[in-house]
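Number of protein chains: 2
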Amino acid sequence: MSEKITADYLESFLGNRRLMDQLTFILEAEKLKTILRRTLLLDRSRVETDAEHTWQLALMALVLSEYSDEPVDLQKVLKMLLIHDIVEIDAGDTFAYDSVARVSQVERELKAADRIFALLPLDQAKEFRALWDEFELKQTSEARFANAMDRMQPLLHNFFTNGGTWDSNGVTATDVHRRMEPIGKASAALGALSDKLIALAVEQGILAPAKVAEAVGQKAP
Amino acid sequence: MSEKITADYLESFLGNRRLMDQLTFILEAEKLKTILRRTLLLDRSRVETDAEHTWQLALMALVLSEYSDEPVDLQKVLKMLLIHDIVEIDAGDTFAYDSVARVSQVERELKAADRIFALLPLDQAKEFRALWDEFELKQTSEARFANAMDRMQPLLHNFFTNGGTWDSNGVTATDVHRRMEPIGKASAALGALSDKLIALAVEQGILAPAKVAEAVGQKAP
Numbered sequence: 072m073s074e075k076i077t078a079d080y081l082e083s084f085l086g087n088r089r090l091m092d093q094l095t096f097i098l099e100a101e102k103l104k105t106i107l108r109r110t111l112l113l114d115r116s117r118v119e120t121d122a123e124h125t126w127q128l129a130l131m132a133l134v135l136s137e138y139s140d141e142p143v144d145l146q147k148v149l150k151m152l153l154i155h156d157i158v159e160i161d162a163g164d165t166f167a168y169d170s171v172a173r174v175s176q177v178e179r180e181l182k183a184a185d186r187i188f189a190l191l192p193l194d195q196a197k198e199f200r201a202l203w204d205e206f207e208l209k210q211t212s213e214a215r216f217a218n219a220m221d222r223m224q225p226l227l228h229n230f231f232t233n234g235g236t237w238d239s240n241g242v243t244a245t246d247v248h249r250r251m252e253p254i255g256k257a258s259a260a261l262g263a264l265s266d267k268l269i270a271l272a273v274e275q276g277i278l279a280p281a282k283v284a285e286a287v288g289q290k291a292p
Numbered sequence: 072m073s074e075k076i077t078a079d080y081l082e083s084f085l086g087n088r089r090l091m092d093q094l095t096f097i098l099e100a101e102k103l104k105t106i107l108r109r110t111l112l113l114d115r116s117r118v119e120t121d122a123e124h125t126w127q128l129a130l131m132a133l134v135l136s137e138y139s140d141e142p143v144d145l146q147k148v149l150k151m152l153l154i155h156d157i158v159e160i161d162a163g164d165t166f167a168y169d170s171v172a173r174v175s176q177v178e179r180e181l182k183a184a185d186r187i188f189a190l191l192p193l194d195q196a197k198e199f200r201a202l203w204d205e206f207e208l209k210q211t212s213e214a215r216f217a218n219a220m221d222r223m224q225p226l227l228h229n230f231f232t233n234g235g236t237w238d239s240n241g242v243t244a245t246d247v248h249r250r251m252e253p254i255g256k257a258s259a260a261l262g263a264l265s266d267k268l269i270a271l272a273v274e275q276g277i278l279a280p281a282k283v284a285e286a287v288g289q290k291a292p
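Protein chains in written order, with our numbering: chain A, 72 to 292; chain B, 72 to 292.
It should be emphasised that the hints constitute simulated quantities derived from the structure, not laboratory data.
Errors might be hidden in some of the hints.
Same chains, same names: a pair is fine if it fits in one copy or spans any two.
[Unchecked claim] Taking lysine to aspartate or glutamate pairs in the DMTMM-like style, the calculated list, with each CA pair at most 25 Å apart, reads:
id	residue 1	residue 2
1	K75	D238
2	K267	E99
3	K256	E82
4	K182	D266
5	K75	D114
6	K102	D79
Work the whole structure out from these sequences, hints included.
Okay, structure coming up:
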């Protein structure tokens, strides 16, 4: 019956337009449970869903906020994280290391944000959209810390599942270092942990070192 | 490699005991993705996991906090919700309408709380445990509102999946009314919505009305 859930439909038998707009958004956002990511669960039984990933990031922020190098408003970080992937209901999960898909990602996600946040009453639609834009821009301490959580979680999972999705996708340490840059920008301590995990992953043979061409490129002046 | 993740093990190659304690908790809590609930996804494709359920409650609190009859500290509500089901990693999900399992539930969950929150550094272990105790006791406005979200979400899902798990478990409107009581204690508006959904569910034949014995009992003075 999911396809029938619109605010008009709900209002027809439950009244209260504002609450029905909010309910429509909540029931639409629920589809985040059906969007699969590339990241394996730690028990390697399957990949995680976007909803599960989002919960884990919020929990990580709760536990790790003391490592932010700048003061952060934790409530704002949590709000940002709780909604940051909702656009993937329309845009799908884009694999971090898929450079082709990432070209169209921005456009697909902007369109999704336009549609999905607009389900909310106007004041909340504006607030949630502003939070999402702020997360994407990474220009505030809260956005930087939230993004650090979003990068660190798959790194932890790839490391603790013996390489996880790195190997099958030809990802190298250079790729991972580049992808993990936002961690160090939010937190020196978590940046150092990230560097250590990447180095250990190479040492343990679960992550390929830089490609030869890349390694040469880095050494050139 | 999940079974190996202890703070001692992590400290042996990553150092920084406090951060490793926090990481151990985060990676242990991740098992919430493997705990299945009875509630169906809205598309009825499968039941949800505890991690997905938790994310949805936090999102609901974010959207619906204006309906709390008392002022609430939203950050505290979010913190409570993000950790409220972590005990189910050890204790399992107890079906809301299984009166036999619910007898041992409290004991099982207390034991789980003792073990899991203690993985954190002492200050955070105390904070998280206090948040969980507060949620369970339902004596503060934040705990009441968080509990209202926890009750309302399965009600919404059962309603919008044509009865969901009610029918197959012999649940009646009387059972659901009793189970949903905390909603009205936190919010008159959400309590009214809950009552309306139960009445509509009975009207639509997707929820059995009260059992005969119960109906008689209710009418007696």
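Hints, verified against the model:
When the C-alpha separation of K75 and D238 is checked against a cutoff of 25 Å, the pair qualifies only between copies, where the shortest distance is 22 Å, while the shortest distance within a copy is 42 Å. For a Cα distance limit of 25 Å, the shortest separation of K267 from E99 across copies, 21 Å, qualifies, whereas the shortest one inside one copy, 40 Å, does not. Taking the closest pair of Cα atoms, K256 and E82 come within 25 Å of each other only across two copies (24 Å); inside a single copy the shortest separation is 46 Å, beyond that limit. Taking the closest pair of Cα atoms, K182 and D266 never come within 25 Å of each other, the shortest separation being 35 Å inside a single copy and 37 Å across copies.
Taking the closest pair of Cα atoms, K75 and D114 come within 25 Å of each other only across two copies (11 Å); inside a single copy the shortest separation is 37 Å, beyond that limit. For the identical chains of this complex, K102 and D79 are intra-copy neighbours only, at 20 Å inside a copy versus 39 Å across copies, given an alpha-carbon limit of 25 Å.
Consistency note: the structure conflicts with earlier hint 4 alone.
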